[in-house]
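Based on the hints, put chains B and C in the right spot on chain A.
Chains as they are written, first to last, in the working numbering: chain A, 1 to 610; chain B, 1001 to 1278; chain C, 2001 to 2394.
Mixed in with the good hints, there may be bad ones.
[Unchecked claim] Once the Cα atoms are required to be at most 16 Å apart in a straight line, the calculated EDC-like pairs of lysine to aspartate or glutamate come out as:
no.: 1; chain 1: C; residue 1: Lys-2305; chain 2: B; residue 2: Glu-1111
no.: 2; chain 1: C; residue 1: Lys-2170; chain 2: C; residue 2: Glu-2203
no.: 3; chain 1: B; residue 1: Lys-1116; chain 2: C; residue 2: Asp-2270
no.: 4; chain 1: C; residue 1: Lys-2143; chain 2: A; residue 2: Glu-168
no.: 5; chain 1: A; residue 1: Lys-536; chain 2: A; residue 2: Asp-563
no.: 6; chain 1: B; residue 1: Lys-1029; chain 2: B; residue 2: Glu-1169
no.: 7; chain 1: C; residue 1: Lys-2165; chain 2: C; residue 2: Asp-2226
no.: 8; chain 1: C; residue 1: Lys-2251; chain 2: C; residue 2: Glu-2272
no.: 9; chain 1: C; residue 1: Lys-2165; chain 2: C; residue 2: Glu-2379
no.: 10; chain 1: C; residue 1: Lys-2265; chain 2: B; residue 2: Glu-1111
no.: 11; chain 1: C; residue 1: Lys-2076; chain 2: C; residue 2: Glu-2065
no.: 12; chain 1: C; residue 1: Lys-2221; chain 2: B; residue 2: Asp-1124
no.: 13; chain 1: C; residue 1: Lys-2251; chain 2: B; residue 2: Asp-1124
no.: 14; chain 1: C; residue 1: Lys-2076; chain 2: C; residue 2: Glu-2060
no.: 15; chain 1: A; residue 1: Lys-536; chain 2: A; residue 2: Glu-569
no.: 16; chain 1: C; residue 1: Lys-2298; chain 2: C; residue 2: Glu-2060
Just so you know, the hints here were simulated from the structure itself, not pulled from any lab data.
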Amino acid sequence: MADPVASVLPSPVASAPRKRSDLKRLGIFAAIALVVIAIGPYVLPMYMVNGLIRAFLYAAVALTVDVLWGYTGILTFGQSAFFGIGAYAAGLMFTHVGFSTGYAAIALVAGVGVAMLVAGLVGWLAFYHGASPLYGSVVTLVLPIVVTQILFSGGNFTGSSSGLSGFESFDVSIEAWFWIAGGFLVALTSAAWLFVRSDAGRILVAIRENEQRCEYVGINVSRVKIVLMVVCAAIAAIAGYAFAGVQMVVAPEYAGFVFGTELLIWVALGGRGTLIGPVIGTLVLDVSTSYLSGNLPFVWKLVIGVAFVVVIVALPQGLTPLVTRTARRLFGRREADAPDAPVTFEHSAAAPYAGLEGAGQQALAVEGVRKHFGSLAVLQGIDFTANRGELLSLVGPNGAGKTTLMRCVADGNERSGGTVRINDHDIGRKPPYTCVGFGVGRKFQTANVFETLTVAEALRIARTRMARPSLWSRDGTLPLPEASLQVIRATGLDLQIGTEARHLSHGMKQALELAMVLALEPSVLLLDEPTAGLTKPERTMIGGILVNLAQKHRLCILLVEHDLDFVREISSRVIVLHQGRLVLDGTVAEVVESELVRTIYSGAAHGAPS
Amino acid sequence: MSTLLDILTTAAILYSVCAGLLLVFGVMKIINFAHGGFLTVGGYSALLVTHLGLHPWWAPAFAFVIGAVCGMAIERLVVRPLYSRPLDAILATWGLGIIIGQVITLAFGREVQFVKSPVTGALDLPGGASYSEYRLLLVAVAVALGLTLAAVLEGTRLGLVTRAVIMNENLARALGINSGLVRFATFSLGAGLASLAGSLITPLSSVDPNMGVPWLVNAFMLVMVSGVSLVSLAIACVVLGGAQVLVSQWGNPILGGLTIVVLAAFVLRLRPQGFSRG
Amino acid sequence: MQSKKTGPLVRAAQWATLATFATALTLPAAHAEDVIRIGIPVGLSGANSVVAPSVVQSAELAAEEINAKGGILGKKVVLEVADDGSGAAGAQKAFDSLIFQKKVNVLISMETSAARNAGLPIVTRGKTPFIYTSFYEGRSCNKYLYVNAWVPDQQVAPIVDYFAKNYKAKTYFLVGSDYAFGRGMLEFTRGYITKIGGKVVGEEYLPMDGSDWTSVISKLKAANPDALITSTAGGAPNVTLTKQLRAAGVKIPYGNLAVDEGTAKSMGADAEGIYISGSYFTNIASPKNQAFMAAMQKKFGANLKTPNDLSVPQYEGVYAYKMAVEKAGSTDADKVIAALAEVAFEGPRGVIQMNKQRHAPLTMYLGKVTKEGGVEVLETFKDVDPGEQCPKLK
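For reference, chain A alone in the conformation it holds in the complex:
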């Protein structure tokens, strides 16, 4: 397997692995929470116990909203629908069939199953390659409306607007329900806490930050979202089921859009993307509402509305981070903004550069590729092939179609006609993450990275395709192919592995993206102006790495460049595009001496189409 590099990179973070202290912190918090919950029923008045049971279950749903929205960026109005489905599974079963342990179990399975099915369908509708997040949100908004309508039309079966009430339920005391609901919430919060901090959990943040980059490192974003939605739906359904069990009532409003948005308010005010914030937000707001709204029903709603807007506009992180920061300031404790988990890089197993072994000499074949936007033809029948080991530069004036051609090679949905073959795979209409599987790695023109992820995290995301990340822990080592390591070392990224990408310089971001693309172990590397904005020494270094990749690792590199000197230095072959046509395909010398190229470039100076 992975053989550690002789010179293991010096880790800038010399602290002990944080994993253990993380776990310890979690254990302490969970233990305190459980103790509070254990003594709760003895010290709290009855009405508070009742109210908190409900709030615990609401908070469990709010937690799923936080994972979906706060972490993954899926703004959902629909979690209430799954809560309702779980609740109605219990309500319908106990009302119409009766109560027994067996029926209760069947109802639970049915409720969770239906919720997951519905979530799958909603996910299929809302998330597909190229879907706008707005559309996804509106679909989640439609869901509770449809579910409520179905419940209303159900007549005596669903109890219509009145819901169902007075059915028999678990013979469990209120105190025990308090422990069950509280324990469920603590367990769920702990699990979610582990999950979002795990290597797999970072993918959620990566999706929130930059969905496109995720697809181009080979992650099927839509599938991740759908799976996440299904899991969150199951959790919400369990909460709903417990709710019906303890309250012995179900009503359409628990599945409704208003409850769905209330969840968002709790999460937003509590602090999205913090897990604990939404939980506290829900508990505080739901419990306090019953006291305040009685006295000032309309004003209270107005206050909540204003607070919500203010938080969204001015404090997108919600109130919890402010509270913790204030607490830290009051108690004089410094915020530990130390980089997360120290990571040691390793060489990955001897480069199995994807597709190379089985494929022929030819790595990339482009046949008759056309692309038009409406009546505007950007590419008009491009034909060329490229072999492994070639470093092929694409040149041409602005608007010649170079970037468009790159796009057509990396994403099957882009071109209007023609075929593209990667290592003998026809990419057809396949999305980018499939093309990555065929061996494509694409670096964008402007640095395209995950702003709030650290260098190490971003590189791990890029390795998702190779090594399935853990759902609950963080790996201390990160195997990377040599080329990627080379870039990291040569640019000094290794000294900043704990730095979030947004704090990196422009050049470093470019280097990070290149390292990420190389971490994919591509056989066809698409680079769109990789040296733009870099200093002269940096360019020379990148140039050297590229030549090395082509020659030593036999990669096929397709490079878009404006800097003709750079092109001349490193290319093995040059293709000239002009107004969407391939006008010249030859060696560096041929192109440099071509009269045609000179005309094109000088012509382009006065009014070429852009």
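Here is chains B and C on its own, set in the frame of chain A:
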């Protein structure tokens, strides 16, 4: 005959209700969740016109002005800081919807209010049937509204720069267009149009603090399937509104109420560009 | 995030939040004074918020009158009003707080059916008598529940009988909002029409928040019935339906099972000629009603919310509880529950005793909305039986 009129008038009403939302969506790429609130503002503007004893014909103009003024304030205070966070923008506008509803409740009370209608009664049709005059009038209003908007977009400088921003905001900015101003103008215009539509539906609807809410989701879906074109909005209103009328007629009105949202969701899934070309 | 700049403000907000929570935790529990607490969970916000103030007013009048005459068993009556948000979630909070925090002796209130249903398990757990004072779709049964308002069995017959007799109506078209009350009422109506030999030629529903009745009206016109009976949700749907019916030129006899006097009045000309039926109208000519109206006018003056078929049962419910406690000699829940069926109180709606399976036979009135927006009482039906509501509860 009456089914045909139902489809036509339903489409006309939907078109009036959606036009403002479409403009905002086109330029700002956000769904304005406060749209329902603006419809309500329009309804209460019409109520004020009734209270002031003015002729009901004043209501639309009055509603437009009030809506536009609200829109200006909201764009400055809430929407502008959220340009780069479109999902937060829809949440914030949704919060605004709550605020508008509560402020109206505190000012006017929660009960249903009554607004004078400019036209009442039914028009006798050839063949012995009759049809609501006001609904027929709304068809003319919707057509006029569409033509006016088209004229503004196609024929004025504001329209030109607006279209430029819709197509490519970065490029428009690079060409020296003050896209912030265009957004400001669009949001105000969109709010004004929503409020105008709110006053137009008062003779059919009730006037209460939640009057805008039932229209909201249908309007979202219609705008999403229309892309950014007024023409495809018209097509979407006729097709989906027509489907709603037919489902209500041959199935039942409850299914009819879900027709637009469900159909639109599937249309968008199978054809992401919806009813727009390209 | 500019949290650093907004320091003081933000800190104030944090303290406010914490303080709120702390207050919530430490609010004083029930004070064990020697009073009788009556809990009124009611929809101060949400769908019922239009009618809720009138309900609270009539309860206040009843409490004031009772206290002026020495209270119940010498104890002062105290009202505890809580907002149920007109829905299930709000009702759970309201019932929890009234029963377990305020420790009320009884709940007397009008609520939505969803709120009532959500409250019932809490009532059972807290073993507190509950007098429900809202007309509803019927058949809600619980050991602790009594109802002193009408159910479909009592309300539908007057209208249908009148249409059959005076308009020789044979075919009927039914329109409702899609919710428990709307469907429950029309289900009963359909059965009753069929029973007396009429025919239902159409039955259409719109979602509760629906406001576009176009296709329903088209179907109505196509069916060309002799009479129309509607049962929509109160407020907006009722108003939009009536407006759109009038705009479409529908002129057949129109019985509305969901409109109240106040709404009819504010609808103006559109409401003229609507037939309504109920157990209370403001111009019932009994001395009890006139005394009640005078007392309300005196107590609330310009702030008076017009008494109606939802608020008057509230007034009577408070008195029924007083009589039951006096008969039982204590506020013990089981004794009061037993006594409630045995006491009869004469109020604005007449003599009312909840002795029919926890429901009450009522005198029903058929009225017609006049041009001025008042209601002209056309016929009176004495002691209409609520029918089989809770056969298992005796």
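Against the structure, the hints come out as follows:
The suggested pairing of Lys-2305 (chain C) with Glu-1111 (chain B) holds, with an alpha-carbon distance near 12 Å, which does not exceed 16 Å. Distance hint between Lys-2170 (chain C) and Glu-2203 (chain C) is fulfilled; the C-alpha atoms sit about 15 Å from each other, no more than 16 Å. Restraint check for Lys-1116 (chain B) and Asp-2270 (chain C): the C-alpha separation of about 11 Å stays at or below 16 Å, so the hint holds. A hinted pair counts as satisfied when its Cα atoms are at most 16 Å apart, and Lys-2143 (chain C) with Glu-168 (chain A) qualifies at roughly 14 Å.
Proposed proximity of Lys-536 (chain A) and Asp-563 (chain A) is supported: the alpha carbons are some 12 Å apart, at most 16 Å. With a CA separation close to 11 Å, the supplied pair Lys-1029 (chain B) and Glu-1169 (chain B) stays within the 16 Å bound. The straight-line distance between the Cα atoms of Lys-2165 (chain C) and Asp-2226 (chain C) is roughly 12 Å, inside the 16 Å bound, and the hint therefore holds. For a cut-off of 16 Å, the pair hint linking Lys-2251 (chain C) to Glu-2272 (chain C) stands: about 11 Å separates their Cα positions.
The suggested pairing of Lys-2165 (chain C) with Glu-2379 (chain C) holds, with an alpha-carbon distance near 12 Å, which does not exceed 16 Å. Proximity of Lys-2265 (chain C) to Glu-1111 (chain B) is assessed by CA-CA distance (about 13 Å); at most 16 Å being required, the pair is judged to hold. Taken as a hint, the Lys-2076 (chain C) and Glu-2065 (chain C) pair is honoured in the structure, with Cα atoms around 11 Å apart against an allowance of 16 Å. The suggested pairing of Lys-2221 (chain C) with Asp-1124 (chain B) holds, with an alpha-carbon distance near 14 Å, which does not exceed 16 Å.
With a C-alpha separation of about 14 Å, the suggested pair Lys-2251 (chain C) and Asp-1124 (chain B) falls inside the 16 Å cut-off, and the hint holds. For the hint linking Lys-2076 (chain C) to Glu-2060 (chain C), the alpha-carbon distance of about 13 Å falls within 16 Å, and the restraint holds. With a C-alpha separation of about 13 Å, the suggested pairing of Lys-536 (chain A) with Glu-569 (chain A) holds against the 16 Å cut-off. Between the alpha carbons of Lys-2298 (chain C) and Glu-2060 (chain C) the distance comes to roughly 13 Å, so the proposed pair stays at or under 16 Å and holds.
Figure legend: structure checked against the earlier numbered hints; every hint is met.
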